[in-house]
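There are 2 protein chains.
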Amino acid sequence: MRRQKKFYAWGYADEDLSADEIKPWEAEIAQRYGISSFDVTPAPKSDEIALRATRLTVPSGLQSIVRTDHLTRLEHSYGKAGFDAIRMLMRSVPNPPDAVAFPENEQDIVRVLDWCDQAGAMAIPYGGGSSVVKGIEPPASAEKVVTISLRHMDKVLEVDSVSHAARIQGGIYGPAIEDQLRQTPFTMRHYMQAYRCSTLGGWIATRSGGHYATLYTHIDDFVESLRVVTPSGALETRRLPGSGAGPSPDRMFLGSEGILGIITEAWVRLRKKPTFRASASVRFKNFFAGADAVRAITQAGLYPANCRLLEAREALPGIPWSSEEAVLVLAFESADHPLEAWMKRALEICGDHGGAADPTDPDDENAHRSGAAGAWRNRFIRAPHYSEHAAARGILSSTFETAMTWERVPEFHRKITAITRDTIKRVTGRDGTVTCRFTHVYPDGPCLYFTFGGILDKRRQLEQFMEILTTCTAATVEHGGTTTHHHAVGRFHRPFYDKQRPELFARALRAAKRELDPKGMMNPGVLIDP
Amino acid sequence: MRRQKKFYAWGYADEDLSADEIKPWEAEIAQRYGISSFDVTPAPKSDEIALRATRLTVPSGLQSIVRTDHLTRLEHSYGKAGFDAIRMLMRSVPNPPDAVAFPENEQDIVRVLDWCDQAGAMAIPYGGGSSVVKGIEPPASAEKVVTISLRHMDKVLEVDSVSHAARIQGGIYGPAIEDQLRQTPFTMRHYMQAYRCSTLGGWIATRSGGHYATLYTHIDDFVESLRVVTPSGALETRRLPGSGAGPSPDRMFLGSEGILGIITEAWVRLRKKPTFRASASVRFKNFFAGADAVRAITQAGLYPANCRLLEAREALPGIPWSSEEAVLVLAFESADHPLEAWMKRALEICGDHGGAADPTDPDDENAHRSGAAGAWRNRFIRAPHYSEHAAARGILSSTFETAMTWERVPEFHRKITAITRDTIKRVTGRDGTVTCRFTHVYPDGPCLYFTFGGILDKRRQLEQFMEILTTCTAATVEHGGTTTHHHAVGRFHRPFYDKQRPELFARALRAAKRELDPKGMMNPGVLIDP
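Taken in sequence, the protein lines are chains A and B. In case it helps, our numbering puts the first sequence at residues 1 to 530. In case it helps, our numbering puts the second sequence at residues 531 to 1060.
These are computed hints drawn from the structure, not numbers from a lab. Positions of the beta carbon are idealized from the N, C-alpha and C atoms, including for glycine. Errors might be hidden in some of the hints.
Claimed, not checked - Here are the computed lysine-lysine pairs in the DSSO-like style, where the Cα-Cα straight-line distance is at most 27 Å:
id, chain 1, residue 1, chain 2, residue 2
1, A, K273, B, K874
2, B, K945, B, K1029
3, A, K45, A, K23
4, B, K874, A, K272
5, B, K988, B, K553
6, B, K988, B, K674
7, B, K802, A, K344
8, B, K536, B, K553
9, B, K1029, B, K988
10, B, K874, A, K344
11, B, K803, A, K344
12, B, K1049, A, K519
Said to hold, decoys possible - If you want the ones that stay clear, here's a sample from chain A, every Cβ over 12 Å from chain B, calculated:
id, residue
13, A390
14, G480
15, H485
Looking at chain A on its own, in the form it has when it is part of the complex (with noise of 0.2 Å):
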């Protein structure tokens, strides 16, 4: 039987945080910002939110594959964000889909779009709702709306064993790939905070970054070709190594997020399990001793496999809250060969930068697992399910991402922690706080990872929290980044987007989108109105 996902946050309903863990988490907040107790809102039950009656009526033929019952609306009414969690704990769903579709199989997908072309219907691809910029979230200005659910077209229908590649469904979840090539020495190895829940096509969809601080870092690296069914029809791309024969096809659908058409497969590169691997935690006395070696990292083409730079007092427990410095968790893997003389030269790197590294025992199989890079790892994993405690409690806790060229980062990260900084005292009359990290790096620049955190007044969370949110992520773009790394853009991101990518541009995907989908029933409001 399928599990089920928690309607109304992270995960699945079977789970959540232990008490162990909420404690001095609560006790650390409280601390942090000076609160002795908190009002604790209670979880949701389904029952106590209302939905508006279904506004379609499911055709008998498609009665098998498409839902309507109020669960599963709920269900796929938002994304994941800190403010759907404050939704779900306000009881407000305004617009939730109308129905949801479970297609087995492309042809299934074609008969619901079919359906939605002559219902007037909106179509919304979904993958593991694991969404923070409001991407499978029906817009309040669409009439009808039809969420399609990928998730019964989940299998690994193919490896090539020769070129390190799979054919692999859109609607597959990350933990389901490694389980169907467990029998086979491959791995994708595209780990995102939202691994467990998010799949293959949403990855594709939002040009999604994985676990690869280098290189590999967008999914974008990983597509060799793609199969996709717009309402024009379905199309699929050559499987190829690589090409120069005009724009790439797959770029164009790469980031696409649903507003072209549905991802139903993908030929995707594996690469051998990792069998050597080389861990290190790096301390530096502060964020842009750290980041100059980082730099130094990248541009000598070493490409670790992990590179990332965090403030101490974010990632690690028991490092107060007044210290500066930065750890690097630096790691080095391979099917191939031993790691010492990359491990060896990175660590001279961090030293010229004054870094002092804690290197593991290399012969300890779950360096990677212990020490500061096994602290930052758990906390990295279990970080998503805490969000709904934080909205439960008025608690603001979320994240913002850009990227930046090197040269501009020093100034741009002073800029917006003081923006992020100034915004929530202004907003919510307390100190809040604001750190970064590298998640990504570039030898041009790294991708900058913004957590912020203060508190809220309860009786205006979602007002407060939606301002503060919505004047960062402005900043990023008015002062140079982009709206997202990795992502999307959503609806909650638009205006952003709006002002980052040429008008031109827009115009061109505009035009584009007309040929694809002639009635602009994919995603509305995502990335471009008609």
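Got chain A; can you put chain B on it based on the hints?
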């Protein structure tokens, strides 16, 4: 004073192969194909070629930047493929451009495009004119044509020494980039055979492949942002090290081959000039033993700068044509660290596949210029000069390139080789030769670069040449490959490209073009029809 290009062939008017190069080459060809002597057509003089009178009157305001003289129009009529040389030797140039514009800035480009619009002329963007796919050749169907040469927009405008990037104008030639970077620690190192007479804008428009055999293979990987002048206006993408905000605007122009607009400048990634090098030549008993080694090296994550697998008889002097031997030109380079560990492991892998290494002295600064690597390098650089001399003698000597995933490579190689050999025999009535090399290699497959030769009937030289090249190129697409890995589509590859790319993508691209180029004036006939 600007050095005059040779109007009818590769290179500059004041340079040619020496008798010391021509004689042994002639002897080798004569021996290979059993020929006793060659009938040599003399190189054309410009006044031997009659051109249709220009069909345009240049407005007085543009006369300082637009030329209609005979030599200028002649020089911009053809690219540098074998069929271009043959036609020049035939003194046959039926469709020259009516005028050639030499804008000095974007405002000039806008003025020229406005003139084209008013005069009902087509506009063909022109970089170095090194196209081998009829990418810059005016189509017979065009009523009036203005070729727009970017050669005056040839500056490195800005160097960012922190992020290792530069803002560079589109019309700059390869060597000028490195010249203008000479006072910096940086290099672009995007070398290809056409490097001396091709431009940054041309590389971007055609998705060229360069020096690096792995990772930074295509120009795509160098581009941070672009400026493009389209008939609908100018557009600039945001300079970023990475982004996930919608489909990449840069990727729409990468490979657009002038049909959407003119690339006037780009921010591109640089790297420090390499100070550490490790090179080796590795001999394999045959091409497929070498291919297995190359596959293992790319899948091992070692990322050599050079990893070119060649048939020894094609690449090296003194190897009998009956030899099946292959040679791998392998090199690592770095500005940061010694490369022993990398090379040691790569050579171990070669050894596992029967490769016998001929490692050069690691202290030899010029290792990559001596031995098999050096012999290959010289042939590679000089090769384009042979094209006119082959054409003058009725020698068939040309190439085509494609890419394929590894698991299909042996069968694909066998089929394409057989088709090429059979086609030469059928068309010319004589045995020809065909060899293959890998120029760029990916974990999931190589770029296969085929070279073929034979003896043509000079009375039907062009017809025979076209039939052979067309048949072989068509076969690459029929058997699952790409019509081009890095030579672009142009007008020559159109029939094969039309089969390769999904029809729905063509419709989307046409729609995008209509938005940026409403009258369809930009490089008509390339990639798509209106």
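Now for the hints, and whether the structure bears them out:
1. The suggested pairing of A:K273 with B:K874 holds, with an alpha-carbon distance near 22 Å, which does not exceed 27 Å.
2. As the CA atoms of B:K945 and B:K1029 are separated by approximately 19 Å, the hinted pair is consistent with the 27 Å bound.
3. At most 27 Å may separate the alpha-carbon atoms for a hinted pair to count; A:K45 and A:K23 meet this at roughly 23 Å.
4. The suggested pairing of B:K874 with A:K272 holds, with an alpha-carbon distance near 21 Å, which does not exceed 27 Å.
5. The hinted pair formed by B:K988 and B:K553 meets the criterion: a straight-line CA distance of about 21 Å does not exceed 27 Å.
6. Taking the CA atoms of B:K988 and B:K674, the gap is near 32 Å; set against the 27 Å cutoff, the hint is violated.
7. About 21 Å separates the Cα atoms of B:K802 and A:K344, which keeps this hinted pair within 27 Å; it holds.
8. Among the hinted pairs, B:K536 with B:K553 is consistent with the structure: their alpha-carbon atoms are about 22 Å apart, no more than 27 Å.
9. Using a Cα cut-off of 27 Å, the hinted pair B:K1029 and B:K988 is violated, with the two alpha carbons roughly 32 Å apart.
10. Distance hint between B:K874 and A:K344 is fulfilled; the C-alpha atoms sit about 17 Å from each other, no more than 27 Å.
11. A distance of roughly 22 Å separates the Cα atoms of B:K803 and A:K344; the hinted pair therefore holds under the 27 Å criterion.
12. For the given pair, B:K1049 sits about 25 Å from A:K519 by alpha-carbon distance, which is consistent with the 27 Å threshold.
13. Separation of A:A390 from chain B is adequate, the least Cβ-Cβ distance of about 25 Å exceeding the 12 Å criterion.
14. A cut-off of 12 Å between C-beta atoms contradicts the statement that A:G480 is not in contact with chain B; the least separation is 7 Å.
15. Residue placement check: A:H485 does not keep its beta carbon more than 12 Å from all beta carbons of chain B (closest about 5 Å).
Checked against the numbered hints given earlier, the structure breaks hints 6, 9, 14 and 15 and satisfies all the rest.
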